[in-house]
Amino acid sequence: MPLVSMKPMLAAALEGRYAVAAFNPVDYASMRAAVEAAVAEQAPVILQTSAKTVKYHGHQALASWARHLGEQAAVPVALHLDHGKDLELIRRCIETGWTSVMIDASDKPFEENLALTRRVLDMAVPKNVGVEAEIGEIGGVEEDIIVAAAAAHLCDPNQAAAFCKMLPELAVFAPACGTAHGYYKGEPKVAFDLLTDIAMRTGLPLALHGGTGLPDETVRRCIASGCAKVNISTNLKHVFIDGFCDYHRDHPHDYEPLNLIRAQHEAMVAMCREKIRLCGGAGKCQAQGPAAGGATPPPNYLTPPSHD
Numbered sequence: 000m001p002l003v004s005m006k007p008m009l010a011a012a013l014e015g016r017y018a019v020a021a022f023n024p025v026d027y028a029s030m031r032a033a034v035e036a037a038v039a040e041q042a043p044v045i046l047q048t049s050a051k052t053v054k055y056h057g058h059q060a061l062a063s064w065a066r067h068l069g070e071q072a073a074v075p076v077a078l079h080l081d082h083g084k085d086l087e088l089i090r091r092c093i094e095t096g097w098t099s100v101m102i103d104a105s106d107k108p109f110e111e112n113l114a115l116t117r118r119v120l121d122m123a124v125p126k127n128v129g130v131e132a133e134i135g136e137i138g139g140v141e142e143d144i145i146v147a148a149a150a151a152h153l154c155d156p157n158q159a160a161a162f163c164k165m166l167p168e169l170a171v172f173a174p175a176c177g178t179a180h181g182y183y184k185g186e187p188k189v190a191f192d193l194l195t196d197i198a199m200r201t202g203l204p205l206a207l208h209g210g211t212g213l214p215d216e217t218v219r220r221c222i223a224s225g226c227a228k229v230n231i232s233t234n235l236k237h238v239f240i241d242g243f244c245d246y247h248r249d250h251p252h253d254y255e256p257l258n259l260i261r262a263q264h265e266a267m268v269a270m271c272r273e274k275i276r277l278c279g280g281a282g283k284c285q286a287q288g289p290a291a292g293g294a295t296p297p298p299n300y301l302t303p304p305s306h307d
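Residue numbers (numbering that gives the first Met the number 0): 0 to 307.
Note that these hints are calculated values from the structure, not bench results. Yeah, the Cβ is synthetic: ideal placement off N, Cα and C, and Gly gets one too. The hints are all genuine.
Listed next, the in silico SDA-like pairs over lysine to any residue satisfying Cα-Cα at most 25 angstroms (straight line):
{"#": "1", "residue 1": "Lys126", "residue 2": "Arg90"}
{"#": "2", "residue 1": "Lys54", "residue 2": "Ile240"}
{"#": "3", "residue 1": "Lys126", "residue 2": "Leu115"}
{"#": "4", "residue 1": "Lys236", "residue 2": "Asn258"}
{"#": "5", "residue 1": "Lys84", "residue 2": "Thr95"}
{"#": "6", "residue 1": "Lys236", "residue 2": "Asp85"}
{"#": "7", "residue 1": "Lys283", "residue 2": "Ala39"}
{"#": "8", "residue 1": "Lys164", "residue 2": "Arg117"}
{"#": "9", "residue 1": "Lys188", "residue 2": "Pro214"}
{"#": "10", "residue 1": "Lys188", "residue 2": "Lys236"}
{"#": "11", "residue 1": "Lys84", "residue 2": "Glu111"}
{"#": "12", "residue 1": "Lys164", "residue 2": "Thr195"}
{"#": "13", "residue 1": "Lys54", "residue 2": "Thr95"}
{"#": "14", "residue 1": "Lys51", "residue 2": "Phe243"}
Computed spacing ranges between beta-carbons, pair by pair:
{"#": "15", "residue 1": "Pro7", "residue 2": "Gly282", "range": "13 to 21 angstroms"}
{"#": "16", "residue 1": "Arg91", "residue 2": "Glu14", "range": "27 to 35 angstroms"}
{"#": "17", "residue 1": "Glu273", "residue 2": "Asp106", "range": "26 to 34 angstroms"}
Assemble the whole structure, with the sequences as input and the hints as a guide.
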């Protein structure tokens, strides 16, 4: 089916009290793994690309990969720009085929954040592109964005309510709630009451950034508190590398590249399926589109030749 905006996807998730897993692929293979996992679990999925990934592969390549995978899928697939800070990059994503974008002006004063988000909404809404915005800075490292622990701060619920009231077209709101990008060095202290308060005041689906490394029960509590989008970036990157390296370690004399790529692919699919189930998204979609009638994933083009 065609790529969809994450706005109706997340509205349905909020109403159903589950979350949509949002994976940060780094290439076609990791993008395909996330979609195959979603189809196998009959769940909606968000493919979210960082600015760094967009600059590396180019707008056209990423958009065409996502469209190709979405057309084969029996579940809703959204293509989202994660942590967009450059308005020109955001504009090009909207024009090239991204169905959702994030404007991250969380490091700006409230009024400037509000104005920048309004500019993005004015670009996106006429094209049915969903928009995510953020208040409060989330600590850790996400691509090239580094926020020291001392600089991270929680979202002010009064500001969140005012912000979202003035920007009712938002698809999802990302409040800093004590999570961090990357793996946690200590026990994360998530402000569940803050999430619940913001969800009630705004009425919007909330995005949980820093989903990698959170205990399963913490993720479930965040979803119960109003999070309808759970970001998974670092975890996918680790599996992307470890799946390849582990196979080579265990089979040091196997130099058929497709065998290593298949091992990497299977590891990524398994991890994505696990996260989709954790978010409660499994089974939330009825099969539709070209692959209707079952949860068969897109063809596995990476099956190694049998005659070697």
